[in-house]
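For chain A, the structure is supplied; the task is to place chain B on it using the hints.
Just so you know, the sequences run in chain order A and B. For the first sequence, full-length UniProt numbering assigns the number 1 to the initial residue and increments by one for each residue that follows. For the second sequence, full-length UniProt numbering assigns the number 1 to the initial residue and increments by one for each residue that follows.
Be aware that a few hints might be false.
A pair counts as met if it fits within one copy or between any two copies, since identical chains are not told apart.
Claimed, not checked - Under the rule of at most 25 Å between Cα atoms (straight-line distance), these lysine-lysine pairs were calculated in the DSS-like manner:
#1 K146 with K276
#2 K501 with K547
#3 K519 with K318
#4 K515 with K440
#5 K293 with K487
#6 K515 with K332
#7 K562 with K519
#8 K487 with K547
#9 K119 with K494
#10 K502 with K547
#11 K551 with K146
#12 K146 with K293
#13 K583 with K119
I should point out that these hints are in silico values taken from the structure, not numbers from a laboratory.
Protein chains: 2
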Amino acid sequence: MNSAVPSGLLLSARRAIAYSSIVLPSCRLAAVPSARILCPKTLNEIYDPTINTPHHDLNRKYSSVSSYDRPRSHILVDTMAPKEKVSFNLKTPKGTKDWSGSDALLRDRIFTTIASVFKRHGGMALDTPVFELREILAGKYGEDSKLIYDLQDQGGEICSLRYDLTVPFARWLAMNPDVRSMKRYHIAKVYRRDQPAVNKGRMREFYQCDFDIAGTFDPMVPDAEVLRIVAEVFEELGWDGRYTIKINHRKILDGVFEVCGVPQDKIRPISSAVDKLDKMPWADVRKEMVEDKGLDGAVADKIETYVMQKGARDLLEKLLKDETLTANASAKAGLDDMALLMEYLDAFGVLDKISFDMSLARGLDYYTGVIYEIVTEGSAPAVDSNATEVKTLQKSGKKEKSKKSTNLDEDDRSNDPTVGVGSVAAGGRYDNLVGMFLSKAQIPCVGVSFGVDRIFSITKARLEREKSADALRSSEVDVYVMAFGGKGFNGLLKERMDICKKLWSAGIKAEFSYKIKPKLPAQFKAAEQASVPFAVILGDDELAAGKVKIKELGLEEGHPEKEGVLVDLTSLIPEVKARLARKNSGTSTDSEAVAGLAQKLEGVDVKADTTAKTADAGI
Amino acid sequence: MNSAVPSGLLLSARRAIAYSSIVLPSCRLAAVPSARILCPKTLNEIYDPTINTPHHDLNRKYSSVSSYDRPRSHILVDTMAPKEKVSFNLKTPKGTKDWSGSDALLRDRIFTTIASVFKRHGGMALDTPVFELREILAGKYGEDSKLIYDLQDQGGEICSLRYDLTVPFARWLAMNPDVRSMKRYHIAKVYRRDQPAVNKGRMREFYQCDFDIAGTFDPMVPDAEVLRIVAEVFEELGWDGRYTIKINHRKILDGVFEVCGVPQDKIRPISSAVDKLDKMPWADVRKEMVEDKGLDGAVADKIETYVMQKGARDLLEKLLKDETLTANASAKAGLDDMALLMEYLDAFGVLDKISFDMSLARGLDYYTGVIYEIVTEGSAPAVDSNATEVKTLQKSGKKEKSKKSTNLDEDDRSNDPTVGVGSVAAGGRYDNLVGMFLSKAQIPCVGVSFGVDRIFSITKARLEREKSADALRSSEVDVYVMAFGGKGFNGLLKERMDICKKLWSAGIKAEFSYKIKPKLPAQFKAAEQASVPFAVILGDDELAAGKVKIKELGLEEGHPEKEGVLVDLTSLIPEVKARLARKNSGTSTDSEAVAGLAQKLEGVDVKADTTAKTADAGI
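In isolation and in its complexed conformation, chain A is listed as follows (with noise of 0.2 Å):
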């Protein structure tokens, strides 16, 4: 075994924080023992680019990794193998996970309703790569481009993971030039660098579900109908009212900096300020303006008496009489904007659902116009993160962590009471992003992002306090076809095998024992632990006569068809459909579900932790 030093060492120090020991046959990767203190950044200071050694390169072999330098979160797997000892971290990346089982299902009827909704508005749907040539996304995020996954340089094009799926739209409608407009809904994961907090639905890579219309039209109507689109959702998946979609407009944003006296290029810089007022309070936003961002103190006091404001058509009424603003053609324009959209918002009915919200700014960059995220109780500010017991509650909620959940990662920060689900919906107006990418093709467009992991985590949350969980089981299968019998029973492998093959051909969800001798008690184990609701039994005498019995699982004692029912052979098929549907004129065809869905989750309180607090880098 070559146990040179590697020539990267400083690579392999880095490198180390993410693995512990790590040796393959077909490539063999080492690291030496992990650094305690050193995090990831700290390195790559140190790093230097120029080095970028190969990984068959790193073949020091280290045996032990101590216990503190192992990640606790992680399954270390250490085989013997003849040759050689292989280890590996047994995890999925950092804020990443694996969906399965009910929680797979959970969110797969979340996708449904919202893509129904999606569709139900004239919706079309468009995918896109996960990957962009790099100079796609370059430019288009502010601050947060940093948190954008690049591809290796494998020898041909640059590419980063995708960022959101808005982006990707625009360079579409920019490379479709036949198409002027379109309604579009894109429902895909995306990918950010950001600090995870899993269970609270912050992951690095996370779901979308993006629904756009791009085009000309009369000021305000499709931007009316984008948060119509929203009140949909919801109300759909039952939060029936818990929810509140805070509106404000960059115009009148811009408006109000330009007459506080904030010089042009402060604006951008101000308002990112003033996007954190969910975050912290006014008195922080104030120190970062002044003393990070150099503002005229004067100047953010002036901003103070705008942006705290909240209301309704109250508000708007209040400022479209505030003289010094209206005579601000932005604010104006903006302000103007806002009446038409409230107008619509009431034909739709949904003005009710709405806050005009001053604060709200929203971090991206490609914004224009009307701007709105999407916010529950679970999604919520009041932690002040100064606060001393705040830092006592993070620094023991992260020992429990390192107790209890053994599937997070180190730094993960589901338990961390300063850090909320953040909003679980946003959007607004860009009328230039298709212009960066075309300037003959200047598109306007209005759109939504819903987050379906925060969505998720939130109706989970709720579902398992109320332990209605249990109501969603993680297969969709309706008969277990089952054998029996005395001595010289043969298991009836074949028999099973045709009687689903015909439930199958006819569409029905069947499964059997894949035993060549099952056990009955076994069998009827299999079908209860999977909530299958109907039995097809097999016996050899029955056979002989052309019969086979039908039972309903989990009758209670007395009913009539507690023991089963014998049927024809030739006439299974129509009494087995006949029994599902009779069972399933409730919730249990797969549109039915859909649409029972939104029942199940009425009952649900999306109020979620007051502990929480909230922070949107999400959408």
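Just chain B, lined up with the frame of chain A:
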């Protein structure tokens, strides 16, 4: 503007193959004019990997690029921004594409069909991250590992994009030791840096639809169910027998190689050579064995007598009588498995779809038992890439392409007659893969993966040839809400909004014009373009009388409702619903559309170009 020559000039030259001229304000990139003859492979060889120049160092700018050097497939954009010239390559990365309109809808329907079969067999959904820790993928794919996409090291874990869905499933099983058996399905994109042929569905980013059964069961029972699933999927897609399930067994192959005298260390390389028999004549494969892989010519000739055989039960019986072969333990075990499998396939009614093909070897390392590949005549064999007429065809194909298909990459192989669609599904048994992650969790598995992009390409080509593509709409809107009026007509915008609100609340898919005062012909045109079946028409007089008109579009002259019917506003919803139900008793609701897909595709002949040649890199 800094015009220093980039320090990594060779690197730039290499990048120039992908880019022509790229200068971004926020992240400047430039390239030297691309070399005409250099191919990436050649450049890779002279590229010094220790020079890893960051992009912002490559800021030399070329303002003119010769028309030859500019990739024909790209829209090259020059926007004159006030300060700086901005140029983009407006395209998706090589080997990837956008999906929209009726293509996206047709593909979605294929997904739905496949997923419904998976659920019918008790499949549970699993979703894993698009990237994995690199060491999870290492050592799993043999020679193909070079096709894995790596993420850039940005100071965290070292990750790669998933290459298939099988290894992530095995990783998940190893991480979830409580799960000892499972039927899981997974429909998601995978990534391979292969040479693309976009129009034939050979992509770098493509979907796989996987179904796998994990667990220790009686032999060949789950294997048989997987093949039953294969048959159900293609039957429901309407392929109606126009496909072949080629099967073989790794143990039979290994036994054959042993019996013929292949040294142990040459078994996998020789197996790889045999796997090319669907693309090359035996003479070429023999040459590879003898000249490239150093096999004794006499041994190769013995191999020929076995691997050129195809058949069904007859072939199995013949082999079972071959005493040299059955004396080999591996071959005997494989043949016994195969005999049992055929019995079960008979019970499942799929034996007639099977071809026992001794030349099938499959490229991936991890298979240990039965292996299979599903081909159609579009996958298929026959053009010898060495024949001179083929070389002419390839050349003329390239020329033709550059004129016609402006959306293809320069080196896309869509029009190369020696490239076929390849197999449309493939899989097999892999009993040791989970154990590679966790030796104590040795869970045997068997599964199959459907290549949806290829299935889509074959289906679409046929639909287009039969001009049935227009039957597939790109949105599913059922009602277009319009208004008309004479002098003083105000457009009835809010009234249209109100009607839409009512339709949406009733779950009806509806849209309206975003113009304040749209013209009636324009509204009809929009409805017709989107093939919306019904119009709801508002007029001042009718509204005053509490009435509204419903008009079915596209009715023939003389139909009693040709001019539409006036209904009470209060009964609009039930009146619309009744008409929709009548209209859709055919195929128009979501679930019915899916169910009707098979019917629609039934008439589709899946034979594809006989000029196509198979290759199995995609699955």
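Within, between, both or neither: K515, K440 at alpha-carbon 25 Å: Intra 67 Å, inter 23 Å, cutoff 25 Å: inter-copy only.
Intra- versus inter-copy proximity for K519 and K562 (alpha-carbon distance at most 25 Å): Within one copy, since 21 Å is at most 25 Å while 65 Å is not.
Intra- versus inter-subunit Cα pairing at 25 Å for K293 with K487: neither (87 Å within a copy, 57 Å between copies)
Within, between, both or neither, where K515 and K332 count as close if Cα-Cα is 25 Å or less: between (75 Å within a copy, 23 Å between copies)
Identical-chain pair category, K583 with K119, by Cα at 25 Å: Answer is between; shortest inter-copy Cα gap is 18 Å, intra-copy 29 Å.
Same-copy or cross-copy closeness of K519 to K318 [CA-CA at most 25 Å]: The answer is neither: 77 Å in one copy and 37 Å across copies each exceed 25 Å.
Homomeric proximity label, K146 with K276: Cα distance no greater than 25 Å: Result: close within a single copy only, 19 Å intra versus 45 Å inter.
Up to 25 Å CA-CA - K547 versus K487, copy category: Within. Shortest intra-copy distance 20 Å satisfies the 25 Å Cα cut-off; inter-copy 76 Å does not.
Alpha-carbon proximity context of K502 and K547, limit 25 Å: within (15 Å within a copy, 52 Å between copies)
K119 and K494: within-copy, between-copy, both or neither at 25 Å Cα: between (45 Å within a copy, 22 Å between copies)
Intra- versus inter-copy proximity for K547 and K501 (alpha-carbon distance at most 25 Å): within (17 Å within a copy, 54 Å between copies)
Same-copy or cross-copy closeness of K551 to K146 [CA-CA at most 25 Å]: neither (60 Å within a copy, 54 Å between copies)
Consistency note: the structure conflicts with the earlier hints numbered 3, 5, 11.
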